[in-house]
Structures are given as structure tokens and as C-alpha cells.
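Taken in order, these protein sequences are the chains called A and B.
Just remember that my numbering sits 345 ahead of the position in the first sequence, which is counted from 1.
Just remember that my numbering sits 4 ahead of the position in the second sequence, which is counted from 1.
Keep in mind the hints are simulated off the structure, nothing from the lab.
Please note: incorrect hints may appear among the correct ones.
To be verified - Only some residues are given here: those of chain A computed to face chain B with a beta carbon under 10 Å: (1) 387; (2) 458; (3) 464.
As the list claims (entries may be wrong) - Calculated from the model, a selection of chain A residues having no Cβ within reach of chain B, i.e. all distances over 10 Å: (4) 378; (5) 418; (6) 463.
Heads up, the beta-carbon is just placed ideally off N, CA and C, and yes, glycines get one too.
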Amino acid sequence: MRKYFIFILLVVTTIIQARGIYQHPDAFLDDVFNGEIPKPKFVWFTGENGKKVTSILKHKPASLRTRYWLQGKRSIWILEEIGKEKLITTGIVINDNQIEKVKVLIFRESRGWEIKRNAFTQQFKNATLTSDDKLSTRIDGISGATLSVKAVTRLSRLALYLHSLVVQPDEK
Amino acid sequence: MINRITIIALCLGLTGYAHSSEDVEHLHKDIEQVKKQYIEVKQQLDAAMTAMEKSNNPSSSNSKTHIGGYGELHYNNLDNKNPGGSDKNEIDFHRFVLMFSHEFSDSIRFVSELELEHALTRDTADGSGEGEVELEQAYIEFDLSETSTAKAGVFLVPVGIINETHEPPTFYGVERNNVEKNIVPSTWWEAGAAYSIRLDSGISLDVAAHSGLNTSSSSNYAVRSGRQKSAKAAADDLAYTVRLKWSGVPGLELATTLQHQSDITQGTDSTAGSANLIEAHAVWQKGPFNLRALYATWDLDGSGPASVGADEQTGWYVEPSFRINEQWGVFARYNEWDNRASDATDSEYSQVDVGLNYWPHEDVVLKIDYQDQDAPTGSSEYDGINIGVGYQF
Numbered sequence: 346m347r348k349y350f351i352f353i354l355l356v357v358t359t360i361i362q363a364r365g366i367y368q369h370p371d372a373f374l375d376d377v378f379n380g381e382i383p384k385p386k387f388v389w390f391t392g393e394n395g396k397k398v399t400s401i402l403k404h405k406p407a408s409l410r411t412r413y414w415l416q417g418k419r420s421i422w423i424l425e426e427i428g429k430e431k432l433i434t435t436g437i438v439i440n441d442n443q444i445e446k447v448k449v450l451i452f453r454e455s456r457g458w459e460i461k462r463n464a465f466t467q468q469f470k471n472a473t474l475t476s477d478d479k480l481s482t483r484i485d486g487i488s489g490a491t492l493s494v495k496a497v498t499r500l501s502r503l504a505l506y507l508h509s510l511v512v513q514p515d516e517k
Numbered sequence: 005m006i007n008r009i010t011i012i013a014l015c016l017g018l019t020g021y022a023h024s025s026e027d028v029e030h031l032h033k034d035i036e037q038v039k040k041q042y043i044e045v046k047q048q049l050d051a052a053m054t055a056m057e058k059s060n061n062p063s064s065s066n067s068k069t070h071i072g073g074y075g076e077l078h079y080n081n082l083d084n085k086n087p088g089g090s091d092k093n094e095i096d097f098h099r100f101v102l103m104f105s106h107e108f109s110d111s112i113r114f115v116s117e118l119e120l121e122h123a124l125t126r127d128t129a130d131g132s133g134e135g136e137v138e139l140e141q142a143y144i145e146f147d148l149s150e151t152s153t154a155k156a157g158v159f160l161v162p163v164g165i166i167n168e169t170h171e172p173p174t175f176y177g178v179e180r181n182n183v184e185k186n187i188v189p190s191t192w193w194e195a196g197a198a199y200s201i202r203l204d205s206g207i208s209l210d211v212a213a214h215s216g217l218n219t220s221s222s223s224n225y226a227v228r229s230g231r232q233k234s235a236k237a238a239a240d241d242l243a244y245t246v247r248l249k250w251s252g253v254p255g256l257e258l259a260t261t262l263q264h265q266s267d268i269t270q271g272t273d274s275t276a277g278s279a280n281l282i283e284a285h286a287v288w289q290k291g292p293f294n295l296r297a298l299y300a301t302w303d304l305d306g307s308g309p310a311s312v313g314a315d316e317q318t319g320w321y322v323e324p325s326f327r328i329n330e331q332w333g334v335f336a337r338y339n340e341w342d343n344r345a346s347d348a349t350d351s352e353y354s355q356v357d358v359g360l361n362y363w364p365h366e367d368v369v370l371k372i373d374y375q376d377q378d379a380p381t382g383s384s385e386y387d388g389i390n391i392g393v394g395y396q397f
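Take these sequences, add in the hints, and give me the full structure.
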């Protein structure tokens, strides 16, 4: 038994690697823009924007602004939100007011890892924002990961709203 | 854009006072100076904002320790249908839980859960009292790769639906269901080591070696009475758990747990011996509909458990629910469980629950339900209303 535990300890101490970083945000941007990442811009959460962002997140945003990347009528957002205890970093691509892609980039929670699976994030594809700031598509949850699912859903709604602020109507 | 307009407006405004080439030259210099100052201020603002965002970022090194928790207050108004039995009319802060976790590094973390049950502990001579302070989780978790982890310490046994996820806003009903309470038996934690692997196909596998149960003939070998709670626990005979889970389709979870106990009395009862648990469950959510179903059964070796019918302890439940909107949900549940199932003696309980949850916030829930229980002859049989409030953070 002692040999068994020593073996486990050796395995643990020699091959420990960081978990949960599924794709670095820079690599996500690199993929989306095929290596030619435009200079980021900022959208500020002030005035009415701030109120709307607070309403979507159900809490005040952690910062006064967020970065985004614009390419024609596509906007790309790297957003973070707490699931149960830890931040979930998510990359969201909006194209013509529809979600083109949602990808969980970094997941730090102990439970709910299933939200990074394509089978889950595919549900967001083509979703739009309704007049009451909900997603047009119903998202099926994951048992034991309700808060993580809600966090990614909130970020998707936020990205759609922010997209509507930064892409002018004639560009849509 | 506004700043550019300001500069142009300033430029236009100043040109109104320009009457000579010398004035124009001065104006150009002034404009260049304003532009330079604008760029400098913008750069300073960007730098300040970036620094502030870094210091405020919860994922930064400043916030490697996290405090969470949950709790629930219950009011039970239950009539005892057993002749001569006492009713249960009580209000109880059933669980007050604080959870501390700490990230030592990106790949090594500490997780804990400290619980005060029933609001009060009392230092009595015989150890009896209203409540308990329990260390339900305290383990170090190591990330071995993107898909696998190992942990050592005190952890929740990977079995059932609510054993690992039991924060009040996550389930229907004021009290946890009796099948998982009496058969699984939840909340169930043990000390040991575990390894988990998660595959992108939605399959996960958990393997654990840990302390075992320690039940006895005085409690008719009921598995719930055997929980040692990692308190100077007898470790003569370990237990081994394997869970296979599939959640390949959003909204669906299928899982089964197998467990082997080397000796469920830790060698103290020669008429008892090893035991095996088989548990299987399904959770299916489709739109507003949700269905939970669970089956669990124990097989205890030895003439001791067999003599009281406890060599088989089994139960199942099915729970359909409907989420009316973000705030309201209704449910019904049918439960059956029997901790002495192998003999002909009437020992089976069944219970029907119906009720609703109201979430004023996704982390806060108010609950009410009605329970109708059927108990073996001569046993307490509680029917009535439960009301509760719960939270998590």
C-alpha cells in the first residue's frame, strides 16, 4: 500500500499541469482573425450603457470599460463572469447582430467543466437579443453547473448588447 | 470623436482672433501643444485604467482565497399518523455552511466546507446535542493535465445527484429527498484520495479509495448510521468507489456509481462483512421541463445483516419539475426506500412530495411543499407542510 501511495505522489508531483486554460485569449483572437488582429477598441460602461450592462449581468460590472475587436460587422469580445466562485473567461464572436461563436477559454471552477464542450456552446450559435434583452434561443443546462451555464448565457447577452452599441446601423 | 471635434472647434474659435501670420503661427503651435497634451492625457488614462482593472480583477493574485457558503432555514409542520407518535412542529436553521478555497497555484488548490448543523452544538457528557460542527470537505486538488485531476483529503463521495451539489437553490423540496438521505447516504464524505478524468465526449470517470462505513447491529446495519464523518474514523477496512458519468448531450446526465466496502463494520462484527453499492441516475432538462430519477441498492454480506433483513437496502425516486419562468418552478416527487428490504417484514417507506420554489434571485430560494408519507406499521409516519428559505454565495 505504501509503495502505491508513493507512486501516486510521484505521478502527481512530476506531471502537474495547469488545467482549465482551454485556449489563451490571444490564441482565440489569432484564430478568429487569421493572425491579423486589429487594434482593440474600448466601450465604456457609463450612463445608460452602464445601467443596461448592470441589468444584464445582474450586478455592476467589475470595470468601467471593456475591450473589443472590430472587423467589418463582426465584433469579438473577451468577457469574464463568475460562475459559482471563479471567473469564466469566454470568447464571443458577434456577426450581424447574431452570435457566430461562443468559446469557453478559461474555466476555473471545480465543477461544471462540461460548459466548455462544443455540444454546449453550439447552442448559442445564431442566437440574437430579444427586445427584453434575452437570448432568442433557449439554452439547455448542465446538471450541477447551473451557475456556470447562467454566467455564459449572461456574457452572450452582454456581447450582443455591446455589439449593438459599437456597430453602427449602416454597417449592420 | 468628441475630442477631435473639441480640437477643431478650438481651432476655429482661435482663428477668429487671428489677424496676422504671426498669430496663425502661434495658433498652430497652440493646437500642436493641445494635441500633444490630449495624447498624453489619453495615454495616462489608459495606463491608469489598465492598472486599476488589473488590481480589481478577481482572477489576479490578490484574490487567491475565496469564501463562499450556503444555508437553509426549515419549518416543518408535520402530523405523525402513527398512533401515539409525536408530531413534528419545529423551526430549524438546518445548515449554515462556510466554504473556503485557496489557489496555491494555477494547478494546485485547497477546497473546504465547514458546516454547522441545526444552529447549535452543546458540550454534553454523552455527546448528544441538537447539532454538529462538521468538516465535510477539506482536500488538496492537483491538476494533472487539462482533462485529469487528483485530490487527497476529505471529500464528498462521487455518488447520486445531490451528494456533491446540494446548495438549496439547486434542488426542489425543503428537505433533501429521503432516498439519497437513507440509502446513498447523503451527505456522505470520506477521507482518502481520488482521481478524475474528463473527456471531451462528455464522459467522466472518478476513482476513489477512502475510509469506509462503520455500521452495527444496534442500528440494524442501516448504512446512514455507519457514516464516520472522518472523525478518528476506523480505517481497518477501506472502501473503493468508481463513478462513470456521461453528459454528452446538453441537458442530459446519465451516471452510475459502484462502491465496494471491505468490511462495513470495520471488523467489529464477525457476522457482517463486505458490502457493495450500486447507484444509477438520470437528469434530463429540456426547456422548462426537468426530470430526475435515481435508483440505489446495497448488498451486505454476512448472517448479521441478513438476520434483520438489512442485507438489502434499496430505494428509488422520480422527480418531474417544471420551471414556469426564472422565478417560479413546481415539482412532484415519488420516493420509496427500505433499509431492511430482504425479509418479509413490513419495513418499506414511501413518500409523495409536491411543492414549489420561488427564486427572487438566482442564489436565493423560498420553498414550500406538502409531503404524504406511508411508513411501516408502528413507525412514525409524517404528513404535512414544509417551508424553507435558502441561499448560496
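Hint check results:
| no. | hint | result |
| --- | --- | --- |
| 1 | 387 | holds, 8 Å |
| 2 | 458 | holds, 6 Å |
| 3 | 464 | holds, 6 Å |
| 4 | 378 | holds, 22 Å |
| 5 | 418 | holds, 20 Å |
| 6 | 463 | violated, 8 Å |
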